[in-house]
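Here is how the chains run, residue by residue.
Number of protein chains: 2
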Amino acid sequence: MTSYKAPVKDIKFLLNDFLNISSLNMLPVFSDVTSDLVNAILEEAAKLAENVFHPLNVTGDVEGCRLQDGQVITPKGFKDAYNQYCEGGWLGIVGEEEYGGQDLPRVFGLIMSEFFGAANWSLSMYPGLTRPASETILTWGTSEQKQLFLPKMYEGIWSGTMNLTEPHCGTDLGMLRTKAIAQGDGTYKISGTKIFISAGDQDMTKNIIHLVLARIEGAPAGTGGISLFIVPKFNIEPDGSVGERNQVNCASLEKKMGIHGNATCVMNYDGATGYLLGTEDKGMRAMFTMMNEARLGCGVQGLALADIAQQNAIAYTKDRVQGKAITRPANAGVTDPIIYHGDVRRMLMTNRAFIEGARAVVLWAGVQVDVARQHSDTAVRAQADEMLAFLTPIIKSYLTDQGVEATRRAMQCFGGHGYIHESGVEQFMRDACIAPIYEGTNGVQAMDLVGRKLPANNGAAVQTIFGLFSDFTSEHKEHLALVEFIPAFEEALLSLQEATKDILKAAQKNPENLGTSAHYYLNMFAVVLLGFFWMKMVVTASDKLSEPEADTVFLDNKIKTAKFYFDHMLPDFATLSRKIKANAETTMAIDPQNFI
Amino acid sequence: MTSYKAPVKDIKFLLNDFLNISSLNMLPVFSDVTSDLVNAILEEAAKLAENVFHPLNVTGDVEGCRLQDGQVITPKGFKDAYNQYCEGGWLGIVGEEEYGGQDLPRVFGLIMSEFFGAANWSLSMYPGLTRPASETILTWGTSEQKQLFLPKMYEGIWSGTMNLTEPHCGTDLGMLRTKAIAQGDGTYKISGTKIFISAGDQDMTKNIIHLVLARIEGAPAGTGGISLFIVPKFNIEPDGSVGERNQVNCASLEKKMGIHGNATCVMNYDGATGYLLGTEDKGMRAMFTMMNEARLGCGVQGLALADIAQQNAIAYTKDRVQGKAITRPANAGVTDPIIYHGDVRRMLMTNRAFIEGARAVVLWAGVQVDVARQHSDTAVRAQADEMLAFLTPIIKSYLTDQGVEATRRAMQCFGGHGYIHESGVEQFMRDACIAPIYEGTNGVQAMDLVGRKLPANNGAAVQTIFGLFSDFTSEHKEHLALVEFIPAFEEALLSLQEATKDILKAAQKNPENLGTSAHYYLNMFAVVLLGFFWMKMVVTASDKLSEPEADTVFLDNKIKTAKFYFDHMLPDFATLSRKIKANAETTMAIDPQNFI
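As they're listed, the protein sequences go chains A and B.
Once you know that position 510 of the first sequence is 510 in this note's numbering, the rest is easy, because the numbers rise by one and skip nothing.
Once you know that position 529 of the second sequence is 529 in this note's numbering, the rest is easy, because the numbers rise by one and skip nothing.
Quick caveat, the hints were computed from the structure, so don't treat them as lab data.
None of the values given here were measured: they were computed from a predicted structure.
There are no misleading hints in this set.
Just so you know, same-sequence chains aren't split out, so a pair can sit in one copy or run between any two.
Pairs of lysine-lysine residues, derived as DSSO-like cross-links and limited to a Cα-Cα distance of at most 30 angstroms, are as follows:
#1 LYS47 to LYS12
#2 LYS79 to LYS206
#3 LYS255 to LYS76
#4 LYS189 to LYS206
#5 LYS12 to LYS536
#6 LYS179 to LYS324
#7 LYS206 to LYS255
#8 LYS255 to LYS79
#9 LYS282 to LYS324
Produce the complete structure using the sequences and hints provided.
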């Protein structure tokens, strides 16, 4: 059986010491966030995640969802846990106060995603999808739409979904066929089939607000003719109450590798009543409000599942006794817990350095979301936005790929027991495997990075980030704790800067080089990025060590883990830079006709 | 729905051209192997694998095995397919003629493992475990034991299993508790519980011959007090016929991540009658006969599942149309099959270069098994044996880790559809995930490599292999096809040679360095090893291209894939060499007490 402990201490270190959020008082959203409030939020969320969400994780996997008379039935206990989540006000935690939200900084949304997601990813997806849907309505909705939908969505009595994919199109939404026909009264009739709709139906909420991409009759082909619609499961009466069923149905449920507790629905729209959200034919732009938030959240999935898998692997390797470890004293017994074996520790340390590094990146990015929304200086806002746009595909892709690797390493720590369902660890890996695929595959993220984000605005974003890196190293050249770190980081950074030039130059020669090198470039950037955050954490930890009541074990472990990252993970840049230099010709050499 | 086509053409290239097995006529075992016979074997095996084994793969996964009144029931169709396999004589194909085997070269055993294993790994494990069990009886059995068991095992009417693991011990068999009490009549009573016993029970054969590790009453503690026993499911009457049930039972079946079609049993031995196999207290040595063969076969699992996943990914990416590829002509339409996209091709090429490189290594190793058994020159035999001992952990570990990676890449090529059970590709990944765990975890393989195989006989094996590499490069310095390859290979080889010195030196300073670097060293060796085999294949392919009726597309593709390997996969040595240089202190820095 698995257990989960939310990483409250690490989050407090990151928020209070590393990001120093109290210095963010200049953002209105942070002005009320006292350290007492932070503690209260973290501890309450931890309790709910650990005691209510997590115990339903395995049972949700075993039971799965089922479709009964056109209605999805979620696993036993999910509805009750969802209600407790809503009653705790967790859905509206980062929602606008005007509509009943608590208006806390967005970074708390990501922290909650980690806690509840690690505890039970499938369950967390039900409220998790309402978040980006409500954000899209907030950004693009009319004032009536906001007043009608947001309070109920923040409360959780209505949920939200994203309906993009169709059987013949996922990545390439330009091909989508779902039709919208204007009824002359401001409403539309929506018809078509959507697939892979997470939480497309469930038995937890009184209504489900589907956000649906469709093409208005007569609109241009391609992505320029797509609009976004609000399509409720139940029609809404003029007084805002829930009326008859709309013509939208869950036709079937997919059988999947993992996330069994979440209903992945085929949705049939058969002349369902819909309301335009935002502008005609500008649906893709509106959809990206949803997607960008969802992509950060998806990165959190990699982190979250890695963390719970790691927690259970640590417990197992401390408990499981097998073989005599090389350097353990003879008087410790003829056998040792396997955590004392070097290769087991290598796996645990690799996971640890990934998890804590990734968490620092995610929280930093979360604060940038708040800066981009609320900073008084428009230039600072714009810069935060630019960095976020650049880093979002990196966070989504790197964290989800590594999430799979980390869960597999955790499974490997269990030996044969890891492959058995009873251990619970194989479920984390199966659940993690969807993250590199959905919300835009990791290949699509890599193309977004090198094809759009990198060249945008003459490379302003990447220059800003490189500036952040080199400002830090110049400022800390004399910092004693960084003596060993800075030269290694500078070597990696120089290589990344060269790779950035290489990839842009290669793209001019042959644009295909972008496609064949994108994956390597994204990963190389991520490796250096985590190196940067590890250096920053070393400074925070070593400075804090001199404080009188410092938690020396915790802070020492940070520095030790940073050292591991630099010795064992940062070196990946060396290989990736070589791969980026390779030409597309090699990758594309075999004619697809002859590719068998 | 998935499909499978056995790689007959590639195997023919490897056997006839690359390994030139007709030149192995000096080995008695190869003297009768005409090219007609090879073709007949490959084509018959391919037919059975494709048409009988593969159609049961998905159904076996869905249905799984069940325990009914103490008897395991295998999925529908398995028994019939098994019978067809036995009737075709496939179980005895590499068995000794004296006992009814066909005495074909051992390399054919590995080829059959690939074909049947790719088609249906779970099903192939039933006969697959009989092979190493019969080999162990052949090596260590008395003449009576051989005459009693081998003919029935070659025929497949009796099967074999390996019983090592107990609830509290897997890697560290020295801890095992299963007891054997001598009965004074040459038999023993065996009592204890064994877990994770693949094919521990089934409904296909008239008897099951369990090879069981147990400790004879009074034997020393640790591995030096373990003996190996033959324990049949049904007692055997003096006339060799099957009698009453022995006191061995399948107590329960494990629920696993994958290989659902194979029964993973908890076996209870409750005073079961057993017969000593080999010498008292020397059971570990005998068990290694079984393990070494099983480890090569386990490497084949990684290759086999990678290949079938890749075949289906190729078909999907040729069919699935999505987005306009960067360099495709406009007149090809507004969208292209996704195989034309650079990042998709990168994934397919990575898999291809792994699969074909791994297959070359496996077949070469298979021939070494035959050389080690049959070469007239004892020095040649000994050298083949030494190389095999060194390369077995590399093949087991690298091929199985990469098998997981490759099946995941194939799943990723399917996008969202890959995560859905219906596509069949996620099953390949789930099935592949056991291979890095069983037959000795990959961490144990790495320790075996650096702790035992590398220093053995003053490093003779590694020097022999390095000699093989440098002899080849010196001999082919002028070969036009290798102009680009040799310098790259020499750089990687030099780095590997330095890493070899590094790891041995570091181990003298602190033996823990072996444990923390073992994984990296194994992988670095594998990366260079595959580079060597790719170079060799380039020579074969380019030489053959000049022949009048050469299959130019096939041979060209080999050379193109080699180039991809050198540009995109060989560079991994650069990072791995850096990681090997890191000290154990970094990895072991955090005290396990504080590891949370």
